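Model the full structure from these sequences, guided by the hints.
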Amino acid sequence: MPMALLLDNLGFFLTGLEFTIRLALLTLVCAIGVSLLIGLMSVSQWRALRIAALCYVEFWRDIPLLVNLLFIYFGAPLVGVPLKPFTAALLSLTLWGGANGAEIVRGGINAIGRHQFVSATALGLKRWQIYRYVVLPQALMPILPPMTGLCTTLVQATSLASLLGVNEFFRIAQIVVERTTMQSGHSPAFLIYGFALLVYFAICSALTWLSRYFEQRLQKTGHSAIAAPRGFKESA
Amino acid sequence: MKHNFDIAYIIASLPALLEGLRMTIIVSAISITLAIAIGVGGASVRIFNTPVFSQLARGYVEFVRNTPLLVQIFFIFFGLPALGLKLSVFWSGAVALTVWGGAYNIENIRGGFLSVSKGMREAAEALGIDRLRYLWLIALPLGLRVAIPSVLNTSISVLKNSAYLQAIGLAELTFVAMDKLSLDFRTLEMFAAIGCIYLGLVLSLSWAVRRAEWVLQRPFRTE
Numbered sequence: 001m002p003m004a005l006l007l008d009n010l011g012f013f014l015t016g017l018e019f020t021i022r023l024a025l026l027t028l029v030c031a032i033g034v035s036l037l038i039g040l041m042s043v044s045q046w047r048a049l050r051i052a053a054l055c056y057v058e059f060w061r062d063i064p065l066l067v068n069l070l071f072i073y074f075g076a077p078l079v080g081v082p083l084k085p086f087t088a089a090l091l092s093l094t095l096w097g098g099a100n101g102a103e104i105v106r107g108g109i110n111a112i113g114r115h116q117f118v119s120a121t122a123l124g125l126k127r128w129q130i131y132r133y134v135v136l137p138q139a140l141m142p143i144l145p146p147m148t149g150l151c152t153t154l155v156q157a158t159s160l161a162s163l164l165g166v167n168e169f170f171r172i173a174q175i176v177v178e179r180t181t182m183q184s185g186h187s188p189a190f191l192i193y194g195f196a197l198l199v200y201f202a203i204c205s206a207l208t209w210l211s212r213y214f215e216q217r218l219q220k221t222g223h224s225a226i227a228a229p230r231g232f233k234e235s236a
Numbered sequence: 001m002k003h004n005f006d007i008a009y010i011i012a013s014l015p016a017l018l019e020g021l022r023m024t025i026i027v028s029a030i031s032i033t034l035a036i037a038i039g040v041g042g043a044s045v046r047i048f049n050t051p052v053f054s055q056l057a058r059g060y061v062e063f064v065r066n067t068p069l070l071v072q073i074f075f076i077f078f079g080l081p082a083l084g085l086k087l088s089v090f091w092s093g094a095v096a097l098t099v100w101g102g103a104y105n106i107e108n109i110r111g112g113f114l115s116v117s118k119g120m121r122e123a124a125e126a127l128g129i130d131r132l133r134y135l136w137l138i139a140l141p142l143g144l145r146v147a148i149p150s151v152l153n154t155s156i157s158v159l160k161n162s163a164y165l166q167a168i169g170l171a172e173l174t175f176v177a178m179d180k181l182s183l184d185f186r187t188l189e190m191f192a193a194i195g196c197i198y199l200g201l202v203l204s205l206s207w208a209v210r211r212a213e214w215v216l217q218r219p220f221r222t223e
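Protein chains in written order, with the numbering used here: chain A, 1 to 236; chain P, 1 to 223.
These aren't lab readings, by the way, just hints derived from the structure by calculation.
In this text the structure is predicted, and so the values were computed from the model without any measurement.
Treat each hint with caution, since some may be false.
Claimed, not checked - Some but not every residue of chain P turned toward chain A, in silico, with C-beta under 8 Å:
#1 Glu62
#2 Thr67
#3 Pro68
#4 Val71
#5 Gly79
#6 Ala82
#7 Asn161
#8 Ala163
#9 Ala167
#10 Ile168
#11 Thr174
#12 Met178
#13 Phe191
#14 Gly195
#15 Leu199
#16 Val202
Glycine included, each C-beta is placed from N, C-alpha and C at the ideal position.
Below is the structure:
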């Protein structure tokens, strides 16, 4: 009987999974852009940009993600742009993921020795050239493991979109539980939510494994991975 | 619709918000305390490689860290009654946050224990100090010093994530705010109010973390 319930709703679950993956991938792409921008701002030579970046990072990281999500969804109509739940979730996760990613990018850039900047300047490279050809290519390897970790956190955080009514995987699970309870009189919550946990576990542990793989590869080249920013793994 | 920012409205809803804040603080305080206890216990069985328990602790950490907290909360609140374990909204929330924070604390505290040098352990063994005493007299005082900043960071996350409990209807800060929002539609005022409260809580706690780091490192500074 329990297996039948899962099999009957398999197609339904898959549509939810597709939504989850689409939301996670879109968020990831946008969040990496924001991370790069804010991360570069936080190592800028201009004080004003550094302070702006610091405020951005602290603001989005210190407010619970759920409050941030609800604020964007309910607050957007006030400035005249009502957002669809999916867009609101995408925007909220991007701003939040960008704040966490910015700390990773900053850590990666700071891990590069001061002498590299000095030598590059001595060779006559302009500032943007130093970043483009010297700093960023080297920073990429050490930021890869924590960035993959951020990816895991983002996949988990997409489950919050269910609270706005986005039909992602967890929302589908809730619908199945409600519908079955209504039809049969007893709740299959244990089975369905247990199943949901296992599906998220499969996706996220694959990503965690990838993150560890990157880390080991990095250690082989003699570098050590930069530490993830404080409290970031625990964020979702 | 003209929307003026109404400070008086925030002041008028302050008693309700403070009631919510009280709930947030109570549920977080319970969860944070229990999560630290789980962390110490789990980290101990991990470093001593206690058979069965060590593997269980490892699996527990992996599972919790790779699944969303929101789904865990729903599983505990709606799913566990099927096993005859029916918890109230409050205790479901407290258990969910504890289980979640505990998993992170095991790793935090294990990291602290691992930072205690191997020589200490060997010396303790040579002196015939048993494992429990080693833990209490050597590993905890030395290891916790290293682990405390990350434990406190996890605790801050527990506090922030208590907002998720509004999804199962616990009347904590976010729930109260959303409830008032649905009555009065004072969106901006409500979010400004709870945003400031959360920001104030988290910033003062992270100040405490930095302060703790400074105090704990005092014996190791040269000047």
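Here is what the structure says about each hint:
1. The criterion of a C-beta within 8 Å of any C-beta in chain A is met by P/Glu62, whose closest approach is roughly 7 Å, and the hint holds.
2. A least Cβ separation of about 5 Å between P/Thr67 and chain A falls short of the 8 Å threshold, and the interface hint therefore holds.
3. A cut of 8 Å between beta carbons decides the hint on P/Pro68: the least distance to chain A is about 4 Å, and the hint holds.
4. Contact between P/Val71 and chain A, as hinted, is supported at the beta carbon level, the nearest pair being about 5 Å apart and thus within 8 Å.
5. With a cut of 8 Å, the hint placing P/Gly79 at the interface with chain A holds, because the nearest CB-to-CB distance is about 4 Å.
6. Taking 8 Å as the C-beta contact cut-off toward chain A, the hint placing P/Ala82 at the interface holds, the least distance being around 4 Å.
7. The criterion of a C-beta within 8 Å of any C-beta in chain A is met by P/Asn161, whose closest approach is roughly 7 Å, and the hint holds.
8. The closest approach between the C-beta of P/Ala163 and any C-beta of chain A is roughly 4 Å, which is under the 8 Å cut-off, so the hint is satisfied.
9. The closest approach between the C-beta of P/Ala167 and any C-beta of chain A is roughly 6 Å, which is under the 8 Å cut-off, so the hint is satisfied.
10. Taking 8 Å as the C-beta cut-off, the interface hint given for P/Ile168 is violated, the closest approach to chain A being about 11 Å.
11. The restraint placing P/Thr174 at the interface with chain A holds, with a minimum CB-CB distance near 6 Å, inside the 8 Å limit.
12. At a threshold of 8 Å, the smallest CB-CB gap from P/Met178 to chain A is about 7 Å, leaving the interface hint in force.
13. Interface restraint check: P/Phe191 against chain A, minimum CB-CB distance 5 Å, threshold 8 Å, status holds.
14. At a threshold of 8 Å, the smallest CB-CB gap from P/Gly195 to chain A is about 6 Å, leaving the interface hint in force.
15. The restraint placing P/Leu199 at the interface with chain A holds, with a minimum CB-CB distance near 5 Å, inside the 8 Å limit.
16. The closest approach between the C-beta of P/Val202 and any C-beta of chain A is roughly 4 Å, which is under the 8 Å cut-off, so the hint is satisfied.
In summary, the structure is inconsistent with hint 10 from the numbered list given earlier, while agreeing with all the others.
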